[in-house]
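In this text, residue positions in the sequence shown follow numbering that gives the first Met the number 0: the first is 0, and each later residue adds one.
Because the hints were derived from the structure by calculation, they are not lab data. Be aware that a few hints might be false.
As the list claims (entries may be wrong) - Taking lysine-lysine and the DSS-like style, the derived pairs with C-alpha atoms no more than 30 Å apart in a straight line are:
| no. | residue 1 | residue 2 |
| --- | --- | --- |
| 1 | K270 | K389 |
| 2 | K398 | K201 |
| 3 | K118 | K231 |
| 4 | K201 | K400 |
| 5 | K232 | K310 |
| 6 | K101 | K232 |
| 7 | K308 | K232 |
| 8 | K310 | K398 |
| 9 | K118 | K310 |
| 10 | K101 | K389 |
| 11 | K201 | K76 |
| 12 | K231 | K308 |
What you are looking at is a predicted structure, and each value in this text was computed from that prediction instead of being measured.
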Amino acid sequence: MESSVLASAGSRVELCSAPGRQDVYTAVGASGPSGASGPSGAIGLVKEIRYCSVCSDYASGYHYGVWSCEGCKAFFKRSIQGHNDYVCPATNQCTIDRNRRKSCQACRLRKCYEVGMMKGGFRKERGGRIIKHNRRPSGLKERERGYSKAQSGSDVREALPQDGQSSSGIGGGVADVVCMSPEQVLLLLLRAEPPTLCSRQKHSRPYSELTIMSLLTNMADRELVHMIAWAKKVPGFQDLSLHDQVQLLESSWLEILMIGLIWRSIYTPGKLIFAQDLILDKSEGECVEGMAEIFDMLLATVARFRTLKLKSEEFVCLKAIILLNSGAFSFCSSPVEPLRDGFMVQCMMDNITDALIYYISQSGISVQLQSRRQAQLLLLLSHIRHMSYKGMEHLYSMKCKNKVPLYDLLLEMLDAHRLRPLGKVPRIWADRVSSSPTTTATTPTTNTTTTTTTTTHHPSNGSTCPADLPSNPPGPGQSPSP
Numbered sequence: 000m001e002s003s004v005l006a007s008a009g010s011r012v013e014l015c016s017a018p019g020r021q022d023v024y025t026a027v028g029a030s031g032p033s034g035a036s037g038p039s040g041a042i043g044l045v046k047e048i049r050y051c052s053v054c055s056d057y058a059s060g061y062h063y064g065v066w067s068c069e070g071c072k073a074f075f076k077r078s079i080q081g082h083n084d085y086v087c088p089a090t091n092q093c094t095i096d097r098n099r100r101k102s103c104q105a106c107r108l109r110k111c112y113e114v115g116m117m118k119g120g121f122r123k124e125r126g127g128r129i130i131k132h133n134r135r136p137s138g139l140k141e142r143e144r145g146y147s148k149a150q151s152g153s154d155v156r157e158a159l160p161q162d163g164q165s166s167s168g169i170g171g172g173v174a175d176v177v178c179m180s181p182e183q184v185l186l187l188l189l190r191a192e193p194p195t196l197c198s199r200q201k202h203s204r205p206y207s208e209l210t211i212m213s214l215l216t217n218m219a220d221r222e223l224v225h226m227i228a229w230a231k232k233v234p235g236f237q238d239l240s241l242h243d244q245v246q247l248l249e250s251s252w253l254e255i256l257m258i259g260l261i262w263r264s265i266y267t268p269g270k271l272i273f274a275q276d277l278i279l280d281k282s283e284g285e286c287v288e289g290m291a292e293i294f295d296m297l298l299a300t301v302a303r304f305r306t307l308k309l310k311s312e313e314f315v316c317l318k319a320i321i322l323l324n325s326g327a328f329s330f331c332s333s334p335v336e337p338l339r340d341g342f343m344v345q346c347m348m349d350n351i352t353d354a355l356i357y358y359i360s361q362s363g364i365s366v367q368l369q370s371r372r373q374a375q376l377l378l379l380l381s382h383i384r385h386m387s388y389k390g391m392e393h394l395y396s397m398k399c400k401n402k403v404p405l406y407d408l409l410l411e412m413l414d415a416h417r418l419r420p421l422g423k424v425p426r427i428w429a430d431r432v433s434s435s436p437t438t439t440a441t442t443p444t445t446n447t448t449t450t451t452t453t454t455t456h457h458p459s460n461g462s463t464c465p466a467d468l469p470s471n472p473p474g475p476g477q478s479p480s481p
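All chains, please: the whole structure from these sequences, using the hints.
Below is the structure:
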């Protein structure tokens, strides 16, 4: 049934003739020159034209917090429901208008965020439609107040998929994760940061191609051990099945290594800090065949994060999002098996995303700048994924040419993407992930496998570099020291 509210001449009238359709009209009295109403006293309705905030086309209604057309509404809906790994082919400054909105998905999504489109956005003066989902609410205000005991217990478990694929303890895990406040999530992620490593090897400069690749793969193999320990400290990760833990790690390990490298290098323009005693500039990176392009991309991303003045809280959130958002992606040429605890992984990722949004909201900048910063940070993750594709192909190419020694954990990880049958968990990864997180994280030399690896692959060669430093992340709002 149509409902209308008519005001005096010249006032705005809103008609809702169909669910989700909100048209704005102007009421105009049919009066003559003298101002008197016509015989019928009728009031004419003239539709007030609204334009899409994204592409300037005609707006169909108020969608996701802004006036937008059906095309941009549908595009934003697809982007937030799926995986928006869009990469701008130019400079992330494409013009988005009615004619060119389909030319660049990355810039179109960036503009959606810049104009204020958001998940669950609605008109404050009217309330908007409430869409019911079988998943937890995602608003920050509900997190800050905390969920009720009933919702955090049995109600959450009842909302879980009943297909028999989830692990036995997932219900309690979801309840624990969704009840964490943004401050708790940020604190846990800051404390989970791995130690800063040393290469423990001495080589005279200038480095040869073989020397650089040997140093880098050595560091990558050692960092993988600490990465597993870090992942176990991400809120909710240990409640996932072993299958899902391994799949998330093997799909994101190179991206995680890269964002860590970017973070360490943020205040050393033109150089990449692979370790405390292993700092390479562009000229040294170019001596490795095929590495110049990857080096340039890394330096460009470092410069972008430096411009944004990335904070430690934002970094740890982005790093965890990379881990949890990798479930549907893999470098493997074979089909990717779905996550068994996909519902919980989504809950974990929502929680960390909300923590990132909460931290940005506390920065004191305007709402528009907050939305813009969120978009700028999240869009950079697609560049990191693109770099990881390039890096994986380069590493595999060097392996095929026998130009570089590969270590046990790194070798199995690399081969897993090409050779592993669907559903099979790599042996070394499974052993690492299922072992005690304390042993792996703080005393890796007590583990038999790790001790052998350290003795065989990480000789100190008389290095005077100190032992690996414990992780002492910068204080709230700080960035790493140069």
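Going down the list of hints, with the structure as the test:
1. K270 <-> K389: Roughly 19 Å between the alpha carbons, so the hint for K270 and K389 holds.
2. K398 <-> K201: holds, 23 Å
3. K118 <-> K231: Measuring from Cα to Cα gives roughly 29 Å; hence the hint holds.
4. K201 <-> K400: The hint holds at about 25 Å.
5. K232 <-> K310: Satisfied, since the Cα-Cα distance of roughly 20 Å is no more than 30 Å.
6. K101 <-> K232: Cα-Cα ~40 Å, so violated.
7. K308 <-> K232: Between K308 and K232 the Cα gap is close to 26 Å, so the pair holds against 30 Å.
8. K310 <-> K398: violated, 36 Å
9. K118 <-> K310: holds, 24 Å
10. K101 <-> K389: Within the cut-off at roughly 26 Å; holds.
11. K201 <-> K76: Violated, at about 53 Å.
12. K231 <-> K308: holds, 28 Å
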